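Take the sequence shown: its letters are residues -26 to -1, 1 to 105, numbered as in mature numbering (1 follows the signal peptide of the UniProt record, and there is no 0).
In short, the hints are calculated from the structure, not lab data.
Don't take each hint at face value.
As the list claims (entries may be wrong) - PhoX-like cross-link-like pairs, simulated, lysine-lysine; straight-line CA separation at most 20 Å:
(1) K5 - K79
(2) K27 - K96
(3) K27 - K89
(4) K56 - K77
(5) K96 - K56
(6) K85 - K56
(7) K79 - K56
(8) K27 - K79
(9) K5 - K96
(10) K61 - K39
(11) K5 - K56
(12) K5 - K27
(13) K77 - K96
(14) K5 - K89
(15) K27 - K61
(16) K5 - K61
(17) K77 - K61
(18) K61 - K79
(19) K39 - K56
(20) K40 - K96
(21) K77 - K27
(22) K77 - K5
(23) K39 - K77
Unchecked claim - Taking CB as the label site, the calculated pair distances span:
(24) K40 - K79: 12 to 22 Å
(25) H82 - S11: 12 to 22 Å
(26) K39 - H80: 27 to 37 Å
(27) H81 - E15: 37 to 47 Å
Computed from a predicted structure; not experimentally measured.
All C-beta atoms, glycine included, are put in the ideal place defined by N, C-alpha and C.
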Amino acid sequence: MKTNPSSALKFTLAGLMLLLAFSVQASPSNKWRLQFSGNAESSGTIVMQFTPKGSEMIETRTDIKKGRSENHVARDVVDSLKSQLPKDHFHIERDDGEDVLIKRKHHHDAKFDIKIVSNSVKGVRINPDRE
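Build out the structure end to end from the sequences listed, making use of the hints.
What follows is the structure in structure tokens.
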């Protein structure tokens, strides 16, 4: 049986992409920046997961109302995360209006990973970056 070189290459590339995606997600940081862009063209919910290294995952939900600017969406996320994440482990603040910084509060606190599970707010894009 002959193997199609094109199919083998596609399969290999798909495997490498999966491996890369997993390795990016599996790299906790002590500080994250969530960059928000676009205005809320609909009401919706942003669901995120925070997983401190060696601890259980914490899922958060932030409701966003239609018509909110990217700066107001960031403010809503800050307020929501402050009420849902442990205050003794996380420091949350807004930066440059549309960015949200999430840091471990103390040097001895565990590094953590962030995953955007879902975003049903039309027009709002979220770009998480490790810092």
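For each hint, the structure was consulted:
no.	hint	verdict
1	K5 - K79	holds, 10 Å
2	K27 - K96	violated, 32 Å
3	K27 - K89	holds, 14 Å
4	K56 - K77	holds, 12 Å
5	K96 - K56	violated, 24 Å
6	K85 - K56	holds, 18 Å
7	K79 - K56	holds, 12 Å
8	K27 - K79	holds, 14 Å
9	K5 - K96	violated, 27 Å
10	K61 - K39	violated, 25 Å
11	K5 - K56	holds, 15 Å
12	K5 - K27	holds, 13 Å
13	K77 - K96	violated, 27 Å
14	K5 - K89	holds, 14 Å
15	K27 - K61	holds, 17 Å
16	K5 - K61	holds, 15 Å
17	K77 - K61	holds, 11 Å
18	K61 - K79	holds, 8 Å
19	K39 - K56	holds, 18 Å
20	K40 - K96	holds, 9 Å
21	K77 - K27	holds, 14 Å
22	K77 - K5	holds, 4 Å
23	K39 - K77	violated, 26 Å
24	K40 - K79: 12 to 22 Å	violated, 34 Å
25	H82 - S11: 12 to 22 Å	violated, 34 Å
26	K39 - H80: 27 to 37 Å	holds, 34 Å
27	H81 - E15: 37 to 47 Å	holds, 41 Å
In terms of the numbered hints stated before, the structure departs from hints 2, 5, 9, 10, 13, 23, 24 and 25, listed from lowest to highest.
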